[in-house]
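First to last, the sequence lines map onto chains A and B. Residues 16 to 356 (this note's numbering) make up the first sequence, in order. Residues -18 to 379 (this note's numbering) make up the second sequence, in order.
Check before you lean on any hint, since a few could be wrong.
[To be verified] Capping the alpha-carbon separation at 25 Å, the derived lysine to any residue pairs in SDA-like fashion look like this:
id : chain 1 : residue 1 : chain 2 : residue 2
1  : B       : Lys95     : A       : Arg140
2  : A       : Lys279    : B       : Glu248
3  : A       : Lys146    : B       : Gln11
4  : A       : Lys146    : B       : Leu244
5  : A       : Lys279    : B       : Asp246
6  : A       : Lys146    : B       : Asp24
7  : B       : Lys44     : B       : Val84
8  : B       : Lys318    : A       : Gly342
9  : A       : Lys239    : A       : Gly131
10 : B       : Lys48     : B       : Ser230
11 : B       : Lys197    : B       : Met304
12 : B       : Lys193    : B       : Val84
13 : A       : Lys279    : A       : Ile329
[To be verified] Stretch-level coverage of chain B by chain A, calculated; a stretch enters the list once three of its residues show a Cβ under 8 Å from a Cβ in chain A:
id : region
14 : 23 to 31
15 : 225 to 232
16 : 251 to 258
It is worth saying that the hints were derived from the structure and are not from the lab. Cβ coordinates follow ideal geometry from the N, Cα and C atoms, glycine included.
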Amino acid sequence: MSAFTSFRNCLIELGATQIFATSANLSIETSLQRDVRIESYSEDTAGALINEPRLVPTAGVKGTLNFDFVIASEHFDVDPVDGKNSIHKIFQLNKGMSPELEKVGRIGNYRFFNAGIKSLSFEMRPFSLIKARAEYEIFGSVVEVQTKSLPVQSGCYVNGALDDSHQSETACNAAGGVWRYGINPAEGLKSFGTVTANGINLATQENYDIQLISANYSIVAKRKYNYSIRANEHPINQFVPGAIMPYRVSLSEVEVNCNISSNKIIPNMNESGYLQNSFESLNLRELEIQLSLFEARNFSTGSESGNLANFSCIGNVTSQNLEVSDGSYLVGSFNVMQVLK
Amino acid sequence: MSFSSYEQVLIVQNNLVSGVASADIGYQTQTEPLYVAGMGYMDNFISGPTEGQMNVNRYMLGKDFIKDITDDETVSGGIILDNGQSVGFTRGRLLNYSVSCNVGQIPEIRNTFKVYGNLGGGVSPIARWNPNKTDYDLGDFVSMSVKSDGFAQDLIYKCVEARIVEEPGSSTAWELVHADSVQAARMVKDSLAQANQIKDREYVIPTQGSIKINFKGTKTQNATYTLSEFPGFNAILGFNYSRGLDLDSLYALRDEQLKGTPLTDYEAIDIQIIYPIKSTFDFTVALDNYRLSDMRAFLDYANWDKGRVEQDIEIQMFDPQDMDSDPIMTYSVQRAKLLSENITSQTGEETVLNVSFEGYERDKLMNEPWFLNHSNLEPSNDQDISEGTEAKIERVET
Chain A
16 MSAFTSFRNC LIELGATQIF ATSANLSIET SLQRDVRIES YSEDTAGALI
66 NEPRLVPTAG VKGTLNFDFV IASEHFDVDP VDGKNSIHKI FQLNKGMSPE
116 LEKVGRIGNY RFFNAGIKSL SFEMRPFSLI KARAEYEIFG SVVEVQTKSL
166 PVQSGCYVNG ALDDSHQSET ACNAAGGVWR YGINPAEGLK SFGTVTANGI
216 NLATQENYDI QLISANYSIV AKRKYNYSIR ANEHPINQFV PGAIMPYRVS
266 LSEVEVNCNI SSNKIIPNMN ESGYLQNSFE SLNLRELEIQ LSLFEARNFS
316 TGSESGNLAN FSCIGNVTSQ NLEVSDGSYL VGSFNVMQVL K
Chain B
-18 MSFSSYEQVL IVQNNLVSGV ASADIGYQTQ TEPLYVAGMG YMDNFISGPT
32 EGQMNVNRYM LGKDFIKDIT DDETVSGGII LDNGQSVGFT RGRLLNYSVS
82 CNVGQIPEIR NTFKVYGNLG GGVSPIARWN PNKTDYDLGD FVSMSVKSDG
132 FAQDLIYKCV EARIVEEPGS STAWELVHAD SVQAARMVKD SLAQANQIKD
182 REYVIPTQGS IKINFKGTKT QNATYTLSEF PGFNAILGFN YSRGLDLDSL
232 YALRDEQLKG TPLTDYEAID IQIIYPIKST FDFTVALDNY RLSDMRAFLD
282 YANWDKGRVE QDIEIQMFDP QDMDSDPIMT YSVQRAKLLS ENITSQTGEE
332 TVLNVSFEGY ERDKLMNEPW FLNHSNLEPS NDQDISEGTE AKIERVET
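Isolated chain A (complex conformation) (with noise of 0.2 Å):
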């Protein structure tokens, strides 16, 4: 047995959860500062006298752990009746969102605890998986674990539903189901997205006809985390390696931002992010950037695949710039922000 382990065994793990992550990384650190001191007076020199210096923590250990992923219906769910996103809560990042941080996650063989989410990202174009990306915060230390896999999710789907009394592909078919190995992420090129002012949708206005190259969303949140001096003392500490954790968390700030590239910018912009007057009989008072994630295959009867999740974005633009070079078009880009808290 080899003692590195490969990508294929390295599960990645949140709370109980699988990460369909194709890339991943978790950096830990600590806070250690020179501690100088002036520690008595040198009747030689007539001078102050300094410690030996040394390296003390100033906070408790803190690391980052950041993942690429695949959205995938196991994590996100659109209810086709009322179009409600269902985001797992490892991934969920809203105005109402608990600022409670995952007990616990595992990386391979390594455990690491107490995970906020700050950022989830992703980017849609054409002819490419949707690839998103989130960033978490992490307090404590790692602790080495034993490894785990998990088998490749298979089964058998009728008219979209899995059905678990067919157990072989060869039965599945019988049935009328398609037997589906692994996971159905989103695509680049079963999802759209649309842009609209004031209910008016540009890519159908006539006078405006935008078309979506690619879009960029990001939904960060910032924490605040306090500690308490009196808890941090506890003997533990001497015992329990990165026992030093928040006493409180917070969350302090939640915006949303996309980033439009396409055929146009917002003509007549002014310092509210908005298109000042009109623009052909078009009032653009606030942007409305839709995005409609879609699985990659169908396993449904119906002609569309599953809807993951829906993404949206209502504000204002914050900057915008063309670029053209050779053998290219002029491409227009965007950015709507929108805060959320």
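Put chain B on the given structure of chain A with help from the hints.
Showing chain B alone in chain A's frame:
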């Protein structure tokens, strides 16, 4: 059952193509594997556009209608086998046009078409019905896209009432050739083969004696010092001509969902020509009265328009039976740049000069740089090239 190479026909823009020696048509898909941590390989997923290509090698048997296909013209076509099975394509572009000619050979033409639309066994080689075209004649064929289970099952209609703009399938002006697409293709193939253009064709095969090559110098210099300086000398033993487009396709996030059309209708939103368009000429010349340029003269731009480094070149192919009429084919390039000159001399053989030129064409809708035509900067033509509401005054090459 297989098919020999004598039973199929090649169709481009609803015309049978003559003199075809070989044709290949196909497409490439692009996928990449997905690997997930802790599970490994999942599956392959689409990673790039699916675009097709058709290559045709043929002999020049007269005036070539494919040469008249413009750079931005959309092309449809395909191959119909003897029993009616076919492979067609839509929304193609003529990517490359090459001609080669050597002493003792019939001139050969090679074409490459790039396909941005659909390509397959159910796609008709007959051009789609164009709702903006109002001059359909009796006997014209059009195809209509029909899909079943995601695969094309195109139908072919024949015009039975001319100058009608109504859509085939909902009008008595169009007659369904056959409900079965294979039978329909076979009938269309037979019908096109009987058309006057093919049946009455008198093949005109250019010979070495009916091909004229003119090195014209430049606008500031006549043919002095060029290969055409002394008529009757410097016999051209062979030439290769190639003109190729560099096309860039742009794909946007799909809006088929908004249109209510299926994902299989997803195509490039725009295809642009990356200018300039490059043409190359290679000549093999029996050297007897020509002085090579100085290699170092190339370093001084002042020498470029003195008729050697930069010159206009034209190849005219005439009917061998009628050298006084207009040429049947002309290939030319303006301000071609000399790429190389090379002399090969060996015992028992003629001394041969190989000379190559490269020419570049600008977008004809754009202005010539003022320093090329030395004319005043006065607008000579009011033309809106913006395709928008705001008219722009631009001088356009006419």
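Okay, the hints, checked on the actual structure:
{"no.": "1", "hint": "B:Lys95 - A:Arg140", "in the structure": "holds, 23 Å"}
{"no.": "2", "hint": "A:Lys279 - B:Glu248", "in the structure": "holds, 20 Å"}
{"no.": "3", "hint": "A:Lys146 - B:Gln11", "in the structure": "holds, 18 Å"}
{"no.": "4", "hint": "A:Lys146 - B:Leu244", "in the structure": "holds, 21 Å"}
{"no.": "5", "hint": "A:Lys279 - B:Asp246", "in the structure": "holds, 24 Å"}
{"no.": "6", "hint": "A:Lys146 - B:Asp24", "in the structure": "holds, 16 Å"}
{"no.": "7", "hint": "B:Lys44 - B:Val84", "in the structure": "holds, 20 Å"}
{"no.": "8", "hint": "B:Lys318 - A:Gly342", "in the structure": "holds, 22 Å"}
{"no.": "9", "hint": "A:Lys239 - A:Gly131", "in the structure": "holds, 11 Å"}
{"no.": "10", "hint": "B:Lys48 - B:Ser230", "in the structure": "holds, 23 Å"}
{"no.": "11", "hint": "B:Lys197 - B:Met304", "in the structure": "holds, 20 Å"}
{"no.": "12", "hint": "B:Lys193 - B:Val84", "in the structure": "holds, 13 Å"}
{"no.": "13", "hint": "A:Lys279 - A:Ile329", "in the structure": "holds, 18 Å"}
{"no.": "14", "hint": "23 to 31", "in the structure": "holds (count 7)"}
{"no.": "15", "hint": "225 to 232", "in the structure": "holds (count 4)"}
{"no.": "16", "hint": "251 to 258", "in the structure": "holds (count 3)"}
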